[in-house]
Each structure stands twice: as C-alpha cells, then as structure tokens.
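**Student:** Sequence:
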Amino acid sequence: MPMYETDDIVEKKKRQKRKKNLIRFIIIFIVLVIAAVIIVTYEIWLPKLRGLGKQYTTIVNDGRLAEGNFPIEILDSESFQMACTENMLCVLSDASVYFYSEEGGLIKKRQHAYSNAIMNTEGERILLYESRGYRFSVEDRNDIIYTKNFTENIMFVRLSAEGYTAVVTTSQNYDCEINVYNRDGERIYNRRCVERVSDICFTDESKGCVISYIYAENGSLVTSVQEVAFTEKTEKWTSNGLDTAGVQVCGFSGGAALIGIDACGYVDESGNIASMYHYDGEFAGGACENGKSAVIINSDDTRKYTAALFNGNGEEPLELSFETPLVDVAVQGGLAYIMTQDSVVAYDFDGGLRSTAQISDSYTGFSRTDGYVFLKGFDKIDRINYES
Numbered sequence: 010m011p012m013y014e015t016d017d018i019v020e021k022k023k024r025q026k027r028k029k030n031l032i033r034f035i036i037i038f039i040v041l042v043i044a045a046v047i048i049v050t051y052e053i054w055l056p057k058l059r060g061l062g063k064q065y066t067t068i069v070n071d072g073r074l075a076e077g078n079f080p081i082e083i084l085d086s087e088s089f090q091m092a093c094t095e096n097m098l099c100v101l102s103d104a105s106v107y108f109y110s111e112e113g114g115l116i117k118k119r120q121h122a123y124s125n126a127i128m129n130t131e132g133e134r135i136l137l138y139e140s141r142g143y144r145f146s147v148e149d150r151n152d153i154i155y156t157k158n159f160t161e162n163i164m165f166v167r168l169s170a171e172g173y174t175a176v177v178t179t180s181q182n183y184d185c186e187i188n189v190y191n192r193d194g195e196r197i198y199n200r201r202c203v204e205r206v207s208d209i210c211f212t213d214e215s216k217g218c219v220i221s222y223i224y225a226e227n228g229s230l231v232t233s234v235q236e237v238a239f240t241e242k243t244e245k246w247t248s249n250g251l252d253t254a255g256v257q258v259c260g261f262s263g264g265a266a267l268i269g270i271d272a273c274g275y276v277d278e279s280g281n282i283a284s285m286y287h288y289d290g291e292f293a294g295g296a297c298e299n300g301k302s303a304v305i306i307n308s309d310d311t312r313k314y315t316a317a318l319f320n321g322n323g324e325e326p327l328e329l330s331f332e333t334p335l336v337d338v339a340v341q342g343g344l345a346y347i348m349t350q351d352s353v354v355a356y357d358f359d360g361g362l363r364s365t366a367q368i369s370d371s372y373t374g375f376s377r378t379d380g381y382v383f384l385k386g387f388d389k390i391d392r393i394n395y396e397s
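Positions 10 to 397 (the working numbering) are the ones given, in order, by the sequence shown.
Treat the hints with caution; some may be incorrect.
[What the hints assert, rightly or not] Distance condition first, Cα-Cα at most 30 Å in a straight line; then the derived BS3-like pairs of lysine-lysine:
1) Lys389 <-> Lys117
2) Lys157 <-> Lys242
3) Lys216 <-> Lys245
4) Lys245 <-> Lys157
5) Lys216 <-> Lys242
6) Lys157 <-> Lys117
7) Lys216 <-> Lys313
8) Lys118 <-> Lys389
9) Lys118 <-> Lys157
[As the list claims (entries may be wrong)] Distance ranges between label pairs, derived from CB positions:
10) Ile68 <-> Asn182: 29 to 37 Å
11) Ser371 <-> Arg119: 23 to 31 Å
12) Thr247 <-> Gln350: 35 to 43 Å
13) Lys313 <-> Thr160: 26 to 34 Å
14) Glu95 <-> Ser371: 22 to 30 Å
No wet-lab data here; the hints were simulated from the structure.
Just so it is clear, CB atoms sit at the ideal spot from N, CA and C, and this is done for glycine as well.
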C-alpha cells in the first residue's frame, strides 16, 4: 500500500485551488472584455440587431385612380398649392382656398385676397400668409382663429404641430426679426437677428426651436444652426457654418438636420457638425422628420437619379438609384416616400422597399395621408389608395 506524505497532499490541494482560481480569473476577465467591447460598439451593432427578425413584404398598390369626385380640377389658377391636414385636403389658388374631404367632396371655399400667397398645414390647422406681404392667418375647417398684421415685410411663417407660429420679417435696424405666437395668437418670443434666417423648426413640443442662418464666409455661402428655448434669453448652442446654403432645418432630440441646395448635414446636440453630404447632381427636393431625412438628386448629364436616406446618427447615407428622374419626396412615419416620373415608392431607412404604386400621368408632387396618396398635376388632383 503506497504511503503519502502529509506535505505532498497539502501542496497538491494548494495547486488545485490555485488552478481553479486562475481559471475563474480568466473567465471573469474574458467576460469583462466582452462586456467592454459590447458597450463601446453598441451604436454600431444595436441598430442592426433591432432590424433582425423584421421581415417585410413589399406591398404592390395597384395605382388605380379614384373616381367619383376625382380628379379635382383647379380652373381659377395658373398654379396652385396642395396640402393635407389630419382629415382634409386643402388647395390654395390665386384667389381662393378650398377645403375638401378625403373623398374629394368640397367642404367649403373662401376667397383670401392675398398676393403671393403661401399655405402650410399642421394637424388640423392651416396657415396662409403673403410672401413679402404684411399679414398671415391661422384657421381650421370652421373659422379663422386669428390674423396678424405687420409693418415690415413677411419673409416666411412656420406653423407647429401644437399650433404655434414663428414669423420672420424684415427689420429696419437688423437683418431680420423673429416673432413667435402661441396657439391663441399671443406673442411669447422675439428675437432680432444680425444674419439672414433661412428656416425655423419648432422643437420640444413648441417650447423652443432651431434656426438656420445664411451668411458669407471666405467668399462662399454657409449656414449655421442654432437652438433656442423661448423662456431663455441666450441660445443653447450655435454651430459653425456648414458649407451650403440651407433651405430647410429639422430639429430633433439628437441635434438638427440641415438640407441645403448643394449639400446637407447633421449637427449634434452640442452644436458640433457631425456629418456632411455633397450632392452629385441637382437638388430636386428634401424632407425630414424626427431626425430621419431624405434628399433626391437628379443628374441629367450622367442619367444618375439618386435618393439619399439619413438615419440621423451621423453615419454615411444609404443611396438608392433610380432609372427615371425624381420628382418629390416626403418622410412620414419612419418611411421615405419618393415620387419618380412613373411611380410612388416607400423605403424604410435600412433600404427595404416597403411599398410601390405605378402612376401614368405627369405629376409635380404628392401628399400622403393614412390610406391615400394625393397626386398634384398641373391643373388637377388625383388620388390613389396607398398602403405601406
């Protein structure tokens, strides 16, 4: 029978314990390293992970034009504007504003007597104003809610989903002036600007806004973006100039998107420029909502027609190529709706084709509502059923 020394047994147990401790330490170390990698890289893999398991079938809408009250013919105007509220189709001609149901039935018509009239809609409200004129009005399907008159020329007016309005006018002592009114028409904010304002977008449920300013820098036009709160005298942040003449700004919780005539870009929540994208062709339209944006670019020389989709995270855009020129674009409900010369298509911001419909006439734009797409022609409005 073999004999063991007590010291040998003790040493053997110590070695086994050290080995177990070492293995445990290695396992813990590996877990910590993996956790650190996951935390550092989550912005890259999380959006992709969220997309897993989502299988979409492309909906092919028949594109058949509605009958009955359609097409709506516009006979009293060389050109007209079209926009949708939550339950109406609004049409602005040279002399009148029309309110239609989604079935094309005329609800009411009234003359507006505005020169160079512009129309915007948000929610159930309609905004009308005179470009370079002196007055604007906010109304709904029942009545005019309020009207404002100014001694300086109106450059533009913006309407928020909560019913607030921001009016930019010329100024004798400044480049321009901003006045903001609440849903009852009471002025709650004033700002005098030393640089030209190109656009305004309400933020934080109309508690503030982002403003884009155009100015010259080193012989070129650039645009800076600024966020303000209506209860504070100083701005939250102001970005450096983005290398484009901005035409539309869209604020969101992560900063702001700026769409310009030859480039677009993103500014983060501290006012730092996060990304820039320069167009390879002629800008044909842009739209943004909740940080997601889309621009359409046509290059007839190279026959290259591109839609660029931006997720709002500062990454490179997703580019989609088309065979025919692009006409109009809208961003609604997390989808980008794109009109070509022969179709209306909807893409998600991962590049998935969600729905499509063929169109056979010449249209200059469209408006999207739940269940329908209204098609704007030169002197008429058509409607197609559209599921996406």
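**Student:** Hint by hint, note whether the structure agrees.
**Tutor:** A quick look at each hint next to the structure:
For the suggested pair Lys389 and Lys117, the alpha carbons sit about 18 Å apart, so the restraint of at most 30 Å is met. Proximity of Lys157 to Lys242 is assessed by CA-CA distance (about 24 Å); at most 30 Å being required, the pair is judged to hold. Of the supplied pair hints, the one linking Lys216 and Lys245 holds, its CA atoms being roughly 13 Å apart against a limit of 30 Å. For the hint linking Lys245 to Lys157, the alpha-carbon distance of about 29 Å falls within 30 Å, and the restraint holds.
For the hint pairing Lys216 with Lys242, the CA-to-CA distance comes to about 13 Å; that is within 30 Å, so the pair holds. Of the pairs offered as hints, the one joining Lys157 and Lys117 holds, with about 23 Å between alpha carbons and a cut-off of 30 Å not exceeded. Pair hint Lys216 plus Lys313 does not hold up; C-alpha atoms about 42 Å apart against a cutoff of 30 Å. Distance hint between Lys118 and Lys389 is fulfilled; the C-alpha atoms sit about 16 Å from each other, no more than 30 Å.
Our distance criterion of 30 Å between C-alpha atoms is met by Lys118 and Lys157, whose separation comes to about 21 Å. Look at Ile68 against Asn182: about 56 Å separates their beta carbons, and that is not inside 29 to 37 Å. Between Ser371 and Arg119, the C-beta spacing of about 30 Å keeps the proposed range 23 to 31 Å intact. A beta carbon spacing of about 41 Å between Thr247 and Gln350 agrees with the range 35 to 43 Å that was offered as a hint.
For the hinted restraint 26 to 34 Å between Lys313 and Thr160, the CB-CB distance of approximately 48 Å leaves it violated. Between Glu95 and Ser371 the Cβ separation comes to about 29 Å, which falls inside the hinted range of 22 to 30 Å.
Hint compliance for this structure: hints 7, 10 and 13 are not met, and every other hint is.
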